[in-house]
Amino acid sequence: MSVVTAARRAKRLGTVTLVGIAMVAIIVLLTILSPIISPYDPIASNADQVLLGSSWEHWLGTDAYGRDVLSRTLEGGRFALLVSLLATSISVVVGTFVGTIAAYYEGWIDGAITRVLDALLAVPAILWLLLIVSVFGTGTWVIVVAISVVYSPAVARITRAAARPVLRSPYVVAAQSRGEMSLPILYREVIPNILDTILVEFAMRACWVILLVSTLSFLGFGVSPPTPDWGLMIQENRTALVVAPMGTLSPIIALSVLVVGLNLAADGLGKYFGVDRAMRGVA
Amino acid sequence: MIYVARRLLASVVTLFLASFFVFFAVQALPGDVAEQLLGQNATPEAVATLRAQLGLDQSVWVRYFDWLSSAVHGDLGTSLVSGESVAETLSTAFGHTLLIAIPAMIIGVTISVLLGVWAAARRGTKVDNTVSVLTLITMSIPEFVVATVLIIVFAIVIPIFPAVVLQGPSATFSDLLPALWLPIVTLVISMVAYIIRSTRSSTIDGLTTEYATAAELKGVKRRVVLFKHVLPTAMLPVLPVISINVAWLLGGVVVTETVFNYPGLGKLMIDSVSTRDLPVLQAIALLSACVYVLVNLAADLLALLLDPRQRTSRRRSSRPRPKPALEAKTSEVPT
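Heads up: the sequence lines are chains A and B, in that order. Just so we're aligned: 7 in the numbering used here is position 7 of the first sequence, and the numbers increase by one with no gaps anywhere. For the numbering used here, count along the second sequence from 1 and bump the result up by 283.
Hints are computed from structural coordinates only; laboratory data are not their basis. The beta carbon of each residue, even a glycine, is placed where N, CA and C say it ideally should be. Check before you lean on any hint, since a few could be wrong.
Derived coverage of chain A by chain B (criterion: at least 3 residues anywhere in the stretch with Cβ under 8 Å from a Cβ of chain B; other residues may be distant) [said to hold, decoys possible]: (1) 109 to 119; (2) 131 to 139; (3) 207 to 218; (4) 240 to 249; (5) 253 to 260.
Construct the complete structure from the given sequences, taking the supplied hints into account.
Below you can see the structure in the form of C-alpha cells.
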C-alpha cells in the first residue's frame with residue numbers, strides 16, 4: 001500500500017478518529033521515549049526541594065519527596081499502558097473465541113456458556129479484581145490475568161451477538177455444506193466478518209482497562225511506590241494539592257488525554273464501520 | 284407467565300454459578316489458607332485452630348455447600364479479623380451504601396434520560412454537541428479524579444461540605460447527612476454517560492419511525508410526539524443499559540467511599556482486602572451478584588410491562604427476539 005492510498009484511507013476515517021488516534025499516539029510515544037527525554041531520575045528524592053512550583057529547573061515542580069513531577073508523569077504511564085495492552089489483547093482474543101463458539105454451536109453449549117458469562121458479569125469488575133488480588137497478591141501478571149478473566153466474558157457477549165447474523169449468511173452455509181470443520185469456518189469466515197466489531201470493542205475495552213488499572217494503583221493495589229504511576233501519583237499528591245497542584249494535575253491530564261483519545265478513536269471507528277457504540281453498557 | 288418463570292429460573296442459576304465462582308476463586312489461594320492468613324510467624328497451634336475454624340479438614344465441595352446453605356439462611360460466617368458476624372457488619376455497611384446509592388440512582392437516571400432526549404430532539408445543534416462533549420469527558424475521567432476534584436472545589440476552596448467522613452461504621456444518619464452529597468454527585472457523574480448516549484441514540488431512532496413522522500405531520504406538538512409517542516418505545520433498548528449501570532454502582536462505590544472515607548460497603552471491601560478478610564470479601568461479592576441479578580430481573584419485567592409485543596407468543600422466529608441485557612445493537616440485524 002503506497003503512502004498516498006494510506007493517507008486517503010486515513011482521511012476516510014474522519015477527523016475525530018484521527019484526532020483520537022493522534023492523542024493516544026502522543027501519550028504512547030512520550031511514555032516509550034521517557035527514559036531518554038525525562039530530565040531527572042523519576043525516583044530520586046531530594047529533601048531540599050520539596051513541593052516546588054514550576055521553574056526552569058523543574059517545569060512542573062516537585063512532589064512531597066522532592067521528585068521531579070515532569071519526569072514522573074512521563075514515566076508514569078508505563079505500567080498502566082503495558083498492563084492494559086496485554087490485558088485488553090488477551091480479553092479480546094479469549095472473548096472472541098468463546099463468543100463465536102457459543103454463537104456457532106447454539107443449543108445447550110450456547111446456553112451453558114451464556115449462563116457462565118452472566119454469572120461472571122454479575123460481580124462488578126473492580127470487586128472481582130480486589131477479590132483476586134487479595135487471594136494472589138498484587139504481581140503484574142496477577143493483575144494482567146485478573147483483568148483478562150474479568151473482561152473476557154464481556155467481550156464474549158459482544159462477539160457472540162455480532163457473530164449470530166454472520167453465521168446465517170450464505171457463505172457460512174456454503175462452507176458448512178462443503179463439509180468444512182467448525183474451527184476453520186470460525187476463523188476463516190466468521191471472525192473476518194466481525195472484525196469491525198472486534199476493533200471497536202478493542203478500543204473501548206482499552207479505555208476501561210486503563211481506567212481500571214489506574215483505579216487499582218490509586219487504591220494501592222497496583223504498582224508499589226516509589227515506582228511512578230499516574231493513579232499512584234494522584235493518590236500520593238492529592239493531599240498537597242493546594243500547595244503544589246501540578247503533582248496531581250499532570251497525571252490527571254496525561255490519563256485524560258489518553259482515555260479521551262481512545263474514546264474518540266472508538267467512536268470514530270464505530271461510526272466508520274457502522275457499529276453502534278451507544279447501545280452498550282459498561283460491561 | 285412461562286417467560287417469567289423461565290426468567291426467574293435463569294436468575295437463580297446465574298446466582299448459583301456466581302456463588303460458585305466467588306467461592307472457588309478464594310479456594311484457589313496458593314498453599315495452606317490458614318498458614319497464608321496467619322503469616323510466617325504463626326504457631327502450629329494457631330494454624331491448626333484456624334484450619335478447624337475454616338473447616339479446611341473437610342473436602343472443598345462439602346465446604347462449598349455448607350457455605351452456600353448457611354448464606355441462604357443469612358449466616359455469612361464470622362470475620363477473620365474482628366471476629367464479628369459478617370452478616371451484621373455487612374448489613375450496617377450496606378445500609379450506609381444505600382444512603383448514597385439510591386439517591387444517586389434516582390438523580391442519575393432522571394438527569395441522563397432527560398439530557399439524552401434533549402440532545403436527540405436538538406440533534407446536531409449546540410445543545411447536542413455540548414452533551415456529547417460532556418458525556419465524553421465523564422466517560423474518560425475515572426471516579427477517583429472526579430471525587431478528588433469535588434473535594435478540592437467544595438470542601439477546600441469553597442468549604443461547604445466535609446471532605447471526608449470522620450465517624451466509623453457506627454456513624455448515625457445525622458452524622459452522615461452533611462457528608463452524603465459529594466459521594467452522591469460523584470456516583471451520578473460516573474453513571475450518566477452511557478445512559479445519556481444510549482437514550483440519545485435510541486430516541487433519534489424513534490424520531491425517524493413512520494408513526495413519529497405521521498404524528499408530526501398530523502400537527503401534534505413536538506413535545507407530545509417526543510414524550511408520548513417516541514419515548515416509551517425508545518426506552519426499551521435503554522433499560523438494559525440503565526440496569527447494568529445501576530447494578531455496577533456497587534463497583535463505583537468502592538472508589539468513591541474510599542476517597543471520602545465513607546463507612547459503606549466499598550470501604551469495608553478495601554479494608555478487608557488489606558487484611559485479607561476472605562469471608563467478608565466473599566460475602567460482599569455474593570451480595571453484589573444478588574443486586575445485579577435482581578436489578579436485571581426488574582429491568583426485564585419492566586420491559587415486559589412496557590412492551591405488549593413481548594407478552595404474546597415469543598417463539599415466533601420471524602420476530603426479533605427481545606434482547607437479553609447488554610446485547611450489542613448489531614444483534615438486531617434482521618436474520
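Evaluated hints:
no.	hint	verdict
1	109 to 119	holds (count 5)
2	131 to 139	holds (count 6)
3	207 to 218	holds (count 5)
4	240 to 249	holds (count 3)
5	253 to 260	holds (count 4)
Comparing the model with each numbered hint stated earlier shows that all of them hold.
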